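Chain by chain, the residues:
Number of protein chains: 2
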Amino acid sequence: MNIAVIGGGSLGLLLSSYLTENHKVTLYVRRAEQRDLILTKGISLKKNGTTKLAKVACALIDDLDEHDVYFICVKQTHIDRLLPALERLPETSKIVFLQNGMGHINKIDRLRAEVYVGVVEHGATRTSDREVSHLGVGKIKISPFKTTKDETALLEANLDERDFPVETVDDWEALLKAKLLINAVINPLTALFDVHNGAIVENAHIKHLAQKLTEETSQVLGFHYDEAWQHVMLVAENTKENTSSMRADILNRRETEIDAISGYLLQQGNERDIPYTSFIYEAILALEERGK
Amino acid sequence: MNIAVIGGGSLGLLLSSYLTENHKVTLYVRRAEQRDLILTKGISLKKNGTTKLAKVACALIDDLDEHDVYFICVKQTHIDRLLPALERLPETSKIVFLQNGMGHINKIDRLRAEVYVGVVEHGATRTSDREVSHLGVGKIKISPFKTTKDETALLEANLDERDFPVETVDDWEALLKAKLLINAVINPLTALFDVHNGAIVENAHIKHLAQKLTEETSQVLGFHYDEAWQHVMLVAENTKENTSSMRADILNRRETEIDAISGYLLQQGNERDIPYTSFIYEAILALEERGK
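Heads up: the sequence lines are chains A and B, in that order.
Reminder that position 285 of the first sequence reads as 285 in the numbering used here, one-by-one numbering, no gaps.
Reminder that position 92 of the second sequence reads as 92 in the numbering used here, one-by-one numbering, no gaps.
There may be inaccurate statements among the hints.
For identical chains, the list gives no copy identity; a pair is met inside one copy or between any two copies.
Straight-line alpha carbon distances no greater than 30 Å define the calculated DSS-like cross-link-like pairs of lysine-lysine that follow [what the hints assert, rightly or not]: (1) K107 - K240; (2) K207 - K75; (3) K292 - K55; (4) K240 - K292; (5) K107 - K47; (6) K24 - K240.
In case anyone wonders, no lab produced these hints; they're calculated from the structure.
As the structure is a computational prediction, the values presented were derived from the model and not from experiment.
Put together the whole structure using the sequences plus the hints.
Given below as structure tokens:
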């Protein structure tokens, strides 16, 4: 397939370097500096102590061309500035949104193209503009969102590889909500306390706060608390050595996705009913402001 | 007067070095190591770039002798282990409790001695077992708590000095509650976000959280919110360069006084009504556990 990967962060670099083995891939980035670096030196993928080099076509997002499939790998907060270009894409294009949170959902159903949403369960860290470390191998789950001709199975068949599994999921809402739960509990707590994911279950007081946030998130999203908490604990244990993306953002003084995560829950819920979520939302914004 | 200062922390060192100028002072500490250091080298008081040496008698708390006045300068959390010794003191002794929080109030009214409570508005940091920096000159306010023969005015007259003012206050409850308000808002927030006191009003999101904590504290202690918030802002601005004692405790991996402060409010109030206080209480305990 002819694939566009939009966004030069950790996920964009990871996808580009894997998909380029069997597909024609163009990575779209925002800065000319990063484009030139990738065009001349390629993307370096580190995994289990070995490094693999991928030569990938690279262009600026402003020069977006036509492709079969578009993987949107920018942060939730950058979706708005991308929408005008995506609105011009023909009806036959497939666009796959891989954002955390659900803030983009109301915006993407007016696109002409076939729209899919997905969640990424890989652990990956960008160590430079052209280098990415693949720390935890997970899955990419893709679900049809707005489509007249559901081709999720086709995407899966084309993309699925041993080292880079892709799975089809029917219910996009359940898929995104399950990811949102994890993001609303593990991400802000690990960022606030500057701890790895395992601290969610290892530190008794962070665990207590995680339970409160799980209660509130379950209430807003319509989950049973017990199942939700089991899920949070499982993910925290499975990724216990990992640094969450929000903690990495705070450590690197970057803007976080707190608005798309806890901010989304606050929009759906009543602030008085989810005070722990409200506290953590302000706390992450406070860390962002402190880091400026 | 013949004065006992109990506790070798920043406040105990500060009081001992000032009071020794006009009084016979014995400083009581817990560790023989600190006692020996003070007996041989004295207490070094730093202020405005100059250093003053005070020769002070020093003994272990276990060897507590009889004095006219006892200043209790241990942390709230250490009051319990001190009570048996204080219970043995004669009725004519004056004991002045200078703790943060109000957790000790129920325990100290069964002492035989005359009991006073006070709050300390000095900024002081202990830099070693025998060195203390006097960073912000404030006041010590003393109020009669349980006394048949109120001699607060006598204490004030005897202790008040130009560089070390002592003031009498009638209403001990109002005095302690006003201090508790400050401690419940400024201390945990500056500790959690690792910021100086001024950030309470300078960082918009920390300020938002401070307002929420002020609302909840006012509700429990019976303050008007507007006046309480004015008071918090005034103190934060007046001490904007200061490191709160709780932040210093977290930075030095010491136990904090969160139980005597936010923990006290949680005991008084209903957790559901003061969720921000409940969040910050768990958050400080999480930092303590992380620091272990």
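For each hint, the structure was consulted:
Proximity of K107 to K240 under the C-alpha cut-off of 30 Å is found in neither arrangement, the shortest distances being 34 Å within a copy and 44 Å between copies. Both within a single protomer and between protomers do K207 and K75 lie at most 30 Å apart by alpha-carbon distance, with minima of 27 Å and 27 Å respectively. Taking identical chains as interchangeable, the C-alpha atoms of K292 and K55 are never at most 30 Å apart, the minima being 35 Å within one chain and 47 Å between chains. For the identical chains of this complex, K240 and K292 are neighbours both inside a copy (29 Å) and across copies (19 Å), given an alpha-carbon limit of 30 Å.
Proximity of K107 and K47 under a CA criterion of 30 Å is satisfied in neither setting, with 36 Å inside one chain copy and 60 Å between copies. For the identical chains of this complex, K24 and K240 are neighbours neither inside a copy (35 Å) nor across copies (58 Å), given an alpha-carbon limit of 30 Å.
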